[in-house]
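Chains A and B supply the protein sequences, listed in that same order. Note that our numbering has the first sequence beginning at 3, numbered continuously upward. Note that our numbering has the second sequence beginning at 257, numbered continuously upward.
The hints are simulated quantities; they were obtained by calculation from the structure and are not laboratory data. Treat the hints with care, since some could be wrong.
[Claimed, not checked] These stretches of chain B come out as covered by chain A in the derived footprint (C-beta under 8 Å, 3 or more residues):
#: 1; region: 487-501
#: 2; region: 509-516
[Unchecked claim] Derived lysine to aspartate or glutamate pairs resembling DMTMM-like cross-links, with alpha carbons at most 20 Å apart:
#: 3; chain 1: B; residue 1: 382; chain 2: A; residue 2: 104
#: 4; chain 1: B; residue 1: 382; chain 2: A; residue 2: 86
#: 5; chain 1: B; residue 1: 696; chain 2: B; residue 2: 667
#: 6; chain 1: B; residue 1: 382; chain 2: A; residue 2: 94
[To be verified] Which bits of chain A does chain B cover? Going by a derived footprint, with three or more residues having C-beta under 8 Å, they are:
#: 7; region: 40-46
#: 8; region: 60-73
Since the model is a prediction, treat every value here as computed from it, not as a measurement. Note that CB positions come from ideal geometry on N, CA and C, so glycine has one too.
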Amino acid sequence: MKPDSDVSVPGRITRDDVAYVARLARLNLSDTELEAFTGQLADVLDHAADLEALDLDGVAPTSHPLPLSNVLRPDVPAVESADEVDHRLFCDEVLAAAPAVEENRFRVPPVLGEAP
Amino acid sequence: MDGWEVVIGLEVHAELATATKLFSGARNEFGGEPNTHVDPVSLGLPGSLPVLNEKAVELAIRVGLALNCVVQASEFARKNYFYPDMPKDFQISQFDQPINGEGWLELPDGRSIGIERAHLEEDTGKSTHVGGGGRIHEAAYSLVDYNRAGVPLIEIVGKPDLRSAEDARAYVSELRAILVTIGASDGKMEEGSMRVDCNVSVRPVGDEELGTRCEVKNINSLRSLGRAIAYESRRQVDLITSGQKIDQQTRHWNEEDGRTHTLRSKEEAFDYRYFPEPDLVPVAPSAEWIDEIRAAMPLLPGERRRRLADESGIHPEAAALTVERGLDDLALAAMDLGAEPARVLVHVENNLADGQGGLTAEAFASLVVMETGGDLTATQAKTVLADLVDSGGDPVDVAAGHGFEAMESSELEGLVGGLITDHPEDWEAFVGGDEGERKKKSGFFVGQIMKATRGQADGRVVNEILERLADGT
């Protein structure tokens, strides 16, 4: 999926925006909460706007607070054959913890529409 | 469809050929008992943390180099959505900083197709819909297997440079050949390790502006790809010519009824709320690492086609099948040993569909030399070749074992004479016919002689005898 380039820069965040984001995140917010979070989120965005007022040409965006890159692991399976039994027990335990299982698979309610 | 142009852009997902998953040491292996190639990371258990697989990054860079992409510093992002195939409720992908930026792919006919980007992401689990005939909208419930969850994928986003179903198939075949050649993926569409999503739009010929596009998903073979494009472009043209508008949609290809069906419209499109993945630091491959990977790259299919074409004097497109079968090294070696290039390629294309088996370049070359030298007929050469593929050996011995010897022409002449006496009408038609008729009848006579000699006769010699006898009357 390509990033959309036409995302408009919002003005001050509205109660509807907050309700929309809450819905996307499957959060059930009461009217009081919606009111409170709209104010709080607006303050956060105001702070970001303050930063935008600075001259930051030539400063790379910070995507991560740690001064690290290229943290990699070798492509080696974690489970050696000697650990197969332990691994099997782990898998069984995981399945046993699920509300419903069929043929070693997790049984879930019907889903409408295809995964993206 | 006269007067309309179809515009196609493809998004290809390929599973990378690593031993383990993108962010954990669980196995990356097709099949297996459900939910056994799993661990806390691929199950999204609380507290588990992803660590990036070095090999997956290396393979992604190989893909980038093979597609002439800019390989660059990159970051991972969370793509948020709620669907049981991703138990942690987001997929780790790359968004605004993919590891490979713009590039291009050259089709066998020489045209260049733009690549927008090629980025790393994790695969999802596999859902099976139960009830409602397996159809997603009518299912009673679904079963999920997370063996595939977290398997490394490269998503290759092509530019809308393709103009027909044939173009699209050629692009996917070439891309698959490249991925297999560089060892990035096994490219098996039937096992789902390579999947194609197809963006289709139509516009009147001559228009510059792109029409509204629809994305078609669930395409599982090259054949389906062609059929889906044919159906979808027809559907769009019909809508426009009947005065309706194209609604930007995601559509689902149904193999059984040969149609595409609405999955969701743009208004229902997901808002994925991408943001930088806090659990992973950026990946910025050093120039040294990229150079090292570049130095270890094998020859790509396009380069191999050009090499074979240069050596044998054919058009690179005609070398495609030989390269696709991985027999170009054998063919080149046989040519180096003195075998006639045209004959070598005929055998590779017609008689070596299942690979070279026990056939060595030396045996191949000596077989072709025997054939072009007249010691073996084409039919005999084919028989000997099949034996060499099956069990190796020296073509001289194998030919002797079959009792193949070039038939004396006097013996053949007798046979041809007898045949003429038995079929006077065919002979008349041959002698008095125009070029086309003559060719047809000579085919008949040669066929009869081949039958009588069980393929031992040399077709060219039979033809010479026929011509000589015809000129004599």
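We went through each hint and held it up to the structure:
1. 487-501: violated (count 0)
2. 509-516: violated (count 0)
3. B:382 / A:104: Roughly 14 Å separates the two Cα atoms, so the pair holds.
4. B:382 / A:86: violated, 23 Å
5. B:696 / B:667: violated, 24 Å
6. B:382 / A:94: Within the cut-off at roughly 19 Å; holds.
7. 40-46: violated (count 0)
8. 60-73: holds (count 7)
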